[in-house]
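Asks: If you read the sequence shown in numbering that gives the first Met the number 0, its first letter stands for residue 0, the second for the next number, and so on.
Source of the hints: derived by calculation from the structure; they are not laboratory data. Every residue gets a Cβ at the ideal spot worked out from N, C-alpha and C, and that includes glycine. Please note that the accuracy of each hint is not assured.
As the list claims (entries may be wrong) - Here are the simulated distance ranges between beta carbons: (1) R82 x G13: 27 to 35 Å; (2) E70 x L16: 24 to 32 Å; (3) L81 x L16: 25 to 33 Å; (4) G3 x R92: 19 to 27 Å; (5) G13 x G83: 28 to 36 Å; (6) C67 x E10: 13 to 21 Å; (7) C53 x G3: 24 to 32 Å.
As the list claims (entries may be wrong) - Simulated pairs of lysine-lysine, PhoX-like, Cα-Cα distance not exceeding 20 Å: (8) K30 x K75; (9) K65 x K30; (10) K75 x K35.
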Amino acid sequence: MLRGTQLCGIELRGTQLSGIELRSTQLCGIKVRGTKLCGIELRGTQLSGIGLRCTQLCGIELRGTKLCGIELRGIKLCGIELRGTQLSGIELRAYNRVAEN
């Protein structure tokens, strides 16, 4: 669990992240390639300049989250929940929407 944390310039390749909880966290300049993200909960989190390529996102919950300049390429999205979330400058390319809320 990360609370009130600032994560910048992180690069993840071929990584599996599960059961991650981020609260009041600022994520910027994150690069995620060939990564599986499962059971991620983001509350009151600011995401900016995130690049996701060939990434699988499952069971992601975003509450009161600000998403800016996010790039998704070859992404599989399933069970995504967005509540009170601001989306701007989002780019989706060749993605597979499995489930929609």
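Asks: It remains to establish, for every hint, whether it holds in the given structure.
Replies: Structure-based check of each hint:
1. Separation of R82 from G13 is about 31 Å and conforms to the stated range, judged on CB atoms against 27 to 35 Å.
2. For E70 and L16, the hinted distance range of 24 to 32 Å is not satisfied, since their beta carbons lie about 18 Å from each other.
3. At roughly 19 Å, the beta-carbon separation of L81 and L16 lies outside the given 25 to 33 Å, and the hint is violated.
4. For the hinted restraint 19 to 27 Å between G3 and R92, the CB-CB distance of approximately 33 Å leaves it violated.
5. Here the CB-CB span from G13 to G83 is close to 33 Å, well matched to the stated 28 to 36 Å.
6. At about 19 Å, the beta-carbon gap between C67 and E10 stays in the expected band of 13 to 21 Å.
7. Taken as a hint, the range 24 to 32 Å holds for the pair C53 and G3, whose Cβ atoms sit roughly 31 Å apart.
8. At roughly 16 Å between alpha-carbon atoms, K30 and K75 fall within 20 Å of each other, so this suggested pair holds.
9. Proposed proximity of K65 and K30 is supported: the alpha carbons are some 17 Å apart, at most 20 Å.
10. Taking the CA atoms of K75 and K35, the gap is near 10 Å; set against the 20 Å cutoff, the hint holds.
Checked against the numbered hints above, the structure violates hints 2, 3 and 4; every other hint is satisfied.
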